[in-house]
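Participant: Sequence:
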Amino acid sequence: MIKRGDNLLFVGKRKYLIKLEQNKFTTEFGDFNLGALVGKGWGTKVKTHLGEEFVVVPPRLPDLMKKLKRAPQIITLKDAGIIAALTGLNKEDVVVEAGSGSGALTVYLAGIAKHVYTYEIRKDFYEVAKGNFQKLGIKNITIKNKDVTKGIDENDVDLVTLDMEFPEKAFKAAHKALKVGGYLFVFAPVIEQVSRFRNFFDEKHFADVQTFECILRPWNIEPPDKSRPSGNFLGHTGFLTFARKI
Numbered sequence: 001m002i003k004r005g006d007n008l009l010f011v012g013k014r015k016y017l018i019k020l021e022q023n024k025f026t027t028e029f030g031d032f033n034l035g036a037l038v039g040k041g042w043g044t045k046v047k048t049h050l051g052e053e054f055v056v057v058p059p060r061l062p063d064l065m066k067k068l069k070r071a072p073q074i075i076t077l078k079d080a081g082i083i084a085a086l087t088g089l090n091k092e093d094v095v096v097e098a099g100s101g102s103g104a105l106t107v108y109l110a111g112i113a114k115h116v117y118t119y120e121i122r123k124d125f126y127e128v129a130k131g132n133f134q135k136l137g138i139k140n141i142t143i144k145n146k147d148v149t150k151g152i153d154e155n156d157v158d159l160v161t162l163d164m165e166f167p168e169k170a171f172k173a174a175h176k177a178l179k180v181g182g183y184l185f186v187f188a189p190v191i192e193q194v195s196r197f198r199n200f201f202d203e204k205h206f207a208d209v210q211t212f213e214c215i216l217r218p219w220n221i222e223p224p225d226k227s228r229p230s231g232n233f234l235g236h237t238g239f240l241t242f243a244r245k246i
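Counting from 1, position 86 in the sequence shown corresponds to residue 86 in the numbering used here; the numbering is continuous, with no gaps.
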């Protein structure tokens, strides 16, 4: 049942993500009477005062992530999905992340893992990410305003992710924190960065080092014979490098 304080996703000609705190919400299609939704079930159909119909559904993580306050560029969902898939991330895993940035990847990983410990050296980014976690009410994230290259407090972790200018400076700390067989992941926006830090992988400490790029292209489906790939899509976002502790 819908109650005060819930996040509501209105799906119709557009989508609106609204927190049920006030009684009215105004859109280009008219006003929603939010107060009337208290006690109703998910899937309820509602109309604006102009007669436009929407369906109210509970938002999921990708919907909520769109409302995050941004500081630096975030790691996108397409890349986050590859990270989870290729590392086999699961509900028993403990993750260490650096840096937090706006906290988008942190939020995604926390939706799967047991706990995420995230390090952010910049105070301004730390405050943005912390605010985003609090706004979403996520409990299994611990954020630290610390330099990960100075050491990682956690031990026996399953995954360490690094999104920073010189990730190789944290390789020693990451190796120490990881359990045997655990994954180190590095995000880099340019290939020159990858070429540099890959020289710092020690074959005695890390194995199965691989770098990928993920391109997600939507299609315009217009039956019966006009379907084609969309010319408007998010192409390159970054390079994804994975390695396993041995």
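Hints are computed from structural coordinates only; laboratory data are not their basis.
Nothing here was measured: the structure is a model prediction, and the numbers come from that model.
Among these hints, one or two may not hold up.
What the hints assert, rightly or not - Listed below are the simulated DMTMM-like cross-link pairs for lysine to aspartate or glutamate, each with C-alpha atoms no more than 25 Å apart in a straight line: (1) 69 <-> 92; (2) 144 <-> 124; (3) 78 <-> 92; (4) 67 <-> 53; (5) 176 <-> 203; (6) 24 <-> 6; (7) 169 <-> 156; (8) 45 <-> 6; (9) 245 <-> 153; (10) 139 <-> 154; (11) 245 <-> 213; (12) 24 <-> 52.
Participant: Assess, step by step, whether the Cα of residue 24 is no farther than 25 Å from the Cα of residue 52, and give holds or violated.
Facilitator: 15 Å, holds
Participant: Check whether the Cα positions of residue 176 and residue 203 lie no farther apart than 25 Å.
Facilitator: Measuring from Cα to Cα gives roughly 15 Å; hence the hint holds.
Participant: Decide if the proposed pair is consistent with the structure: residue 139 and residue 154, CA atoms, cutoff 25 Å inclusive.
Facilitator: Holds: residue 139 and residue 154 sit about 18 Å apart, inside 25 Å.
Participant: Is residue 69 within 25 Å of residue 92, Cα to Cα?
Facilitator: Violated, at about 28 Å.
Participant: Does residue 153 lie within 25 Å of residue 245 when you go C-alpha to C-alpha?
Facilitator: 18 Å, holds
Participant: Given the hinted pair residue 144 and residue 124, is their alpha-carbon gap at most 25 Å?
Facilitator: 12 Å, holds
Participant: Would the pair residue 67 and residue 53 pass a check requiring their Cα atoms to be no farther apart than 25 Å?
Facilitator: 23 Å, holds
Participant: For a C-alpha distance cap of 25 Å, please report whether residue 245 and residue 213 respect it.
Facilitator: 22 Å, holds
Participant: Under the criterion that the straight-line Cα-Cα distance not exceed 25 Å, is the pair residue 24, residue 6 satisfied?
Facilitator: 14 Å, holds
Participant: Are the Cα positions of residue 45 and residue 6 separated by 25 Å at most?
Facilitator: Answer holds: residue 45 to residue 6 is near 17 Å, not above 25 Å.
Participant: Does residue 156 sit within 25 Å of residue 169, going by the straight-line distance between their CA atoms?
Facilitator: Roughly 20 Å between the alpha carbons, so the hint for residue 169 and residue 156 holds.
Participant: Holds or violated: are the alpha carbons of residue 78 and residue 92 at most 25 Å from each other?
Facilitator: 23 Å, holds
In this structure, the one hint that does not hold is number 1.
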